[in-house]
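Keeping their order, the protein sequence lines are chains F and W.
The first sequence stops at residue 204 when you use UniProt numbering, and every number in between is there.
The second sequence stops at residue 134 when you use UniProt numbering, and every number in between is there.
Please note: incorrect hints may appear among the correct ones.
Once the Cα atoms are required to be at most 25 Å apart in a straight line, the calculated DMTMM-like pairs of lysine to aspartate or glutamate come out as [stated by the list, open to error]:
#, chain 1, residue 1, chain 2, residue 2
1, F, K39, F, D133
2, F, K91, F, D101
3, F, K39, W, D94
4, F, K39, W, D92
5, F, K91, W, D94
Derived from the structure by calculation, the hints contain no laboratory data.
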Amino acid sequence: MTLAAPAPQGFLSPTGVEIAFLLVGLVTFAAAIVTVTTKQLVHAALWLVVALGGLAVEYLLLTAEFIAWVQVLIYVGSVVVLLLFGLMLTKAPIGRSPDADSGNRWAALTVAVAAAATLVWVVVDAFRTQWIDLDAPQGTTAVTGAMLFQHWVLPFEALSVLLLAALVGAIVLSRKADEGDEADETGPEPGAKTAPGTADEEQR
Amino acid sequence: MHLAYPAVLAVLLFCTGLYGVLARRNAILVLMSVELMLNAVNLNLVAFDVWLRDALHAGQALTLFTIAIAAAEIGIGLSIVLMVYRNRGTSDVDRLRDTAETPGPGDAPEALEAPEAPEGADATAAAQKAEATA
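Whole structure, please, built from the sequences with the hints as guidance.
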């Protein structure tokens, strides 16, 4: 850590890894921007796939190999599919929906730009002279498995209990209420499919 | 690699998600923006873990835990959104105004609150309409 910034390291002579990181980062950021600004709801979910996949590539470039594959499996494979299911079950309009953004869009833009400017200034000022040494991989699967099951076993087990609780909670929440008190239930029919869909996705 | 690259990318992604959370109207799009913010934090955790060469790899372990918790969060969040949609017929966060503050009968009709009265009445009417359709 904290190399003393040797001569070959500098903004004007970026390494290949830095160039790749920059390009993939640009793609990721652009996809994120499209995700939060597009008026077509399904396209937002699909652009989210690009953003999350770009982040997986960034993890690979940072030598965190296991995290990258977990990102692909869970985010791209399961979370986005869940979001698409949610869009379908709430009958999201296919095509452009003009009211996708609320009226306080300009206030939100102001807040976001101000936060971005402040944070970028602080971060660049703080870590201007710090360099990551990527020669030794830090996140191979062997290393990750060893540290996860040597030092982090207890949080890991607690996390499995949390996932079980979330699974049960999702099933309970998305199940239709008892038959007695909803004789006049005229809600959308796809609600009936919610419980199995959510449960299947949750178990991945 | 310069440490500023991943840090700045994480900041930009976080602020993109922040904009989405504040500006989007559909609840599922708000959940997508929350995912973007969580991923920005994950990128920071991984980058600083690799930079510090932590012996316990606390950053990567926390990233794995964050991913798992985000999966649980999206499951619960989506089921809540679906339940709201089933009961109200909409997943539009702007229209869910049942707990919005409306000028009560005890409040003096000041000049400042006068413009808000029609909005409150409108929200109440919309809520009643939504309950009627549910």
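Hints versus structure:
Note on F:K39 and F:D133: the hinted pairing is violated, with a Cα-Cα distance of about 42 Å set against a maximum of 25 Å. Annotation: proposed proximity of F:K91 to F:D101 holds, straight-line Cα distance about 17 Å (limit 25 Å). With a C-alpha separation of about 16 Å, the suggested pairing of F:K39 with W:D94 holds against the 25 Å cut-off. At most 25 Å may separate the alpha-carbon atoms for a hinted pair to count; F:K39 and W:D92 meet this at roughly 14 Å.
A threshold of 25 Å between alpha carbons decides the hint, and for F:K91 with W:D94 the separation of about 17 Å falls inside it, so the pair holds.
Taken one by one, the earlier hints fail for this structure only at number 1.
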